[in-house]
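Note that the numbering used here has the sequence shown beginning at 338, numbered continuously upward.
The reader is advised that the hints may include incorrect statements.
[Stated by the list, open to error] Result set (SDA-like, lysine to any residue): computed pairs, CA atoms no more than 20 Å apart in a straight line:
1. Lys888 - Thr815
2. Lys788 - Asn869
3. Lys699 - Ser628
4. Lys401 - Gln374
5. Lys401 - Val432
6. Lys520 - Ser549
7. Lys730 - Pro608
8. Lys637 - Pro608
9. Lys637 - His672
10. Lys790 - Ser725
11. Lys443 - Leu480
[What the hints assert, rightly or not] Computed spacing ranges between beta-carbons, pair by pair:
12. Gly733 - Asp819: 14 to 20 Å
13. Gln838 - Glu666: 19 to 25 Å
14. Gln759 - Glu657: 45 to 51 Å
15. Gly656 - Thr586: 57 to 63 Å
16. Thr664 - Gly600: 19 to 25 Å
17. Gly527 - Asp380: 40 to 46 Å
To be clear, the hints were calculated from the coordinates, so they are not data collected in a lab. Just so we're clear, the structure is a prediction, and the values are computed from it rather than from any experiment. All C-beta atoms in this analysis are idealised placements derived from N, C-alpha and C, irrespective of residue type, glycine included.
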Amino acid sequence: MYSFFLLMPGVSAQLSIGEALDTNHLNWESTGHWISQSEVTYDNQDALASGMIEDEEAAELSLKVVGPLEGSFWWKVSSEEDFDFFNFSIDGTVVSSISGDVDWTKVTFELGAGAHRLDWGYQKDESLSDGLDTGWLDQLELLLEATILIIEQPVALSLVEGESGSFSVVAQGGADMRYQWYKNGVPLAGAEAPSYVIASAQTADAGDYHVSVQLGAETIESDAVSLKLLEASASIDDALETDLLPWGTQDGWEIQSTVAHDGEDALQTQPLQDGQAATLTLNLQGPLEGSFYWKVSSEKDYDLFSFLVDDSVVSQISGEENWVKVTFELEAGGHQLKWMYAKDDSVFWGADRAWLDQLVIKRAQGPIPEGIYFLENFDGLPLGPFESSSESKGDGTDWTGRGPEGWVMARGPGHGLVDGGQSVTEYDGWTFLDPVSWNASATQDRDQFTKGKGVIAVADSDEFDDLDDAVFHASLSTPAIDIRAAAPSSLVLHFDSSWRQEPQTGQLTAQFDGGSEVVLLELDEASPSALNATYALALNNPAGARYVVLKWNYQGINNWWWAIDN
């Protein structure tokens with residue numbers, strides 16, 4: 338058995354608890370106010386006392402240990418009896434409690450194998466004080482079967498090339514413990530501290546890492562964890578499954594694949610010091626609807642993960658919260674979304690991280706007027722800047738390849754580059770563009786589509802061919818539209834269209850309840866240009882039809898375009 342004492346030396350209150358208790362090698366945590374003093378003690382030397390706190394506040398002290406072990410300590414209290422309590426808890430369960438005027442009393446306890454948390458807390462109710470309004474703690478003794486134990490194992494890392502990161506371990510045993518880190522089983526020269534820092538991650542750094550901890554003749558090894566290298570092109574949009582959103586502040590976040598709601602990748606806060614915060618902002622124009630998943634592992638009620646809209650807190654989590662979905666709505670006008678993980682001025686708990694994944698942004702769909710069964714919602718799509726070298730003169734909110742929820746874009750046979758090379762991403766199938774940016778980049782009468790406003794859907798074989806020879810063949814389909822309440826042969830499809838004549842083809846079909854496609858409109862090289870047209874097409878919906886899917890199909894080889902809206 339190994340025995341050591343945690344004593345409260347007579348040092349000034351400015352020292353940390355670990356320094357005051359001569360236990361810097363242990364993982365002490367505290368909230369509220371604790372004072373090292375020598376006036377009220379059990380051993381006539383020194384003890385720890387709770388400091389001044391307000392009604393409904395608490396002074397708490399915590400220690401992580403690994404069993405099996407036996408332990409004891411001495412405590413006393415002077416408080417409002419049966420209202421202000423000094424509690425001792427093991428793994429969140431109160432096992433002993435005193436209040437009123439209780440002189441020094443010894444408490445003994447046993448812990449089974451595994452990790453445990455010990456908590457001491459002096460808790461005040463909502464009113465009144467009595468006695469000295471203080472709890473004292475002295476002479477904590479732990480009898481361990483092992484000399485050294487690992488309290489916190491290293492955590493796997495996922496880094497983008499060039500990013501920094503570190504592995505760390507928390508061991509229990511004594512100030513003379515020695516450390517050695519290994520990569521793929523080979524000792525790393527000079528890696529002899531509780532933490533191993535990777536200043537700038539490179540491909541060669543990927544692998545499995547562990548650390549051995551030695552005290553005298555005894556050695557213990559940590560779990561092996563991996564370092565993975567993410568592609569340098571990984572971005573916030575990649576991690577959140579969004580499409581080139583106008584992100585603002587991005588302080589204190591990193592992309593990783595170890596913890597993710599979708600099993601792929603997510604944003605994670607970088608290691609933070611007390612009093613620091615990780616902030617992510619996004620500016621959008623409403624009306625919009627949105628959702629995201631988030632989780633946190635932090636000091637409950639003190640280190641907070643918050644979601645704010647226009648600087649007002651909408652939702653907030655702390656402690657140990659697994660993945661939770663949050664939904665929100667934005668009214669018309671400009672808004673700033675903010676995700677912020679903020680640490681208070683002392684103590685950490687858990688992984689001390691926050692995670693964010695799977696952000697969805699879409700236009701708010703208000704009530705559909707009576708007699709209308711479906712409304713296009715392109716205008717709610719968030720747009721990002723042009724990417725290809727052939728596209729220019731945009732304003733940064735130019736295009737997206739991701740359509741509204743439920744819409745399906747499919748590339749047909751033969752679509753793509755003819756002899757390799759580089760395609761124009763912005764027109765690789767039906768995509769969604771700001772018509773002003775579309776015309777600014779491509780001109781050639783695209784500005785004639787004045788009925789197209791906000792965001793339009795575009796199939797443009799001319800632009801798709803701008804870098805290397807390419808064939809365009811793609812379709813765009815609506816979600817299944819519920820038409821059960823419609824009378825037979827009563828439905829009419831209205832939409833605006835821009836078509837420039839060339840040897841190209843376009844076709845619009847309707848498919849009822851998964852049956853054969855019915856052609857509503859066909860366009861080809863004989864169809865005259867109609868750069869700013871409006872169609873009203875009878876669907877001839879059959880009796881008993883429940884759902885319909887509408888599909889626009891376009892084919893061309895360096896021809897012109899077909900664009901639709903409204």
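Regarding the pair Lys788 and Asn869, is the alpha-carbon distance no greater than 20 Å?
With a Cα-Cα distance of about 6 Å, the restraint between Lys788 and Asn869 holds, given a limit of 20 Å.
Lys401 and Val432 were given as a pair; does the straight-line alpha-carbon distance stay at or below 20 Å?
holds, 16 Å
Take a look at whether the Cβ-Cβ distance between Gly656 and Thr586 falls inside 57 to 63 Å.
For Thr586 against Gly656, whose Cβ atoms are near 25 Å apart, the range 57 to 63 Å is violated.
Starting from Lys888, check that the Cα of Thr815 is at most 20 Å away, please.
OK: Lys888 and Thr815 at ~7 Å, within 20 Å.
Check whether the Cα positions of Lys443 and Leu480 lie no farther apart than 20 Å.
Given that 20 Å is the threshold and the Cα spacing comes to 15 Å, the pair holds.
Hint check for Gly600 and Thr664 - Cβ pair distance inside 19 to 25 Å:
For Gly600 against Thr664, whose Cβ atoms are near 21 Å apart, the range 19 to 25 Å holds.
Distance restraint between Lys637 and His672, which requires alpha-carbon spacing of 20 Å or less:
violated, 29 Å
With the threshold set at 20 Å, check whether the alpha-carbon distance from Lys520 to Ser549 stays at or below it.
Distance of about 12 Å is within 20 Å: holds.
Hey, Lys730 versus Pro608, does the alpha-carbon distance stay inside 20 Å?
Violated, because 39 Å separates the two Cα atoms, which is more than 20 Å.
Is Lys790 close enough to Ser725, meaning Cα to Cα at most 20 Å?
Answer violated: Lys790 to Ser725 is near 23 Å, above 20 Å.
Taking the Cβ atom of Gln838 and the Cβ atom of Glu666, is their distance within the range 19 to 25 Å?
Once the Cβ atoms are compared, 43 Å apart, the range 19 to 25 Å for Glu666 and Gln838 is violated.
Can you confirm whether the C-alpha distance between Lys699 and Ser628 stays at or below 20 Å?
Measuring from Cα to Cα gives roughly 9 Å; hence the hint holds.
When each numbered hint is compared with the structure, violations occur for hints 4, 7, 9, 10, 12, 13 and 15.
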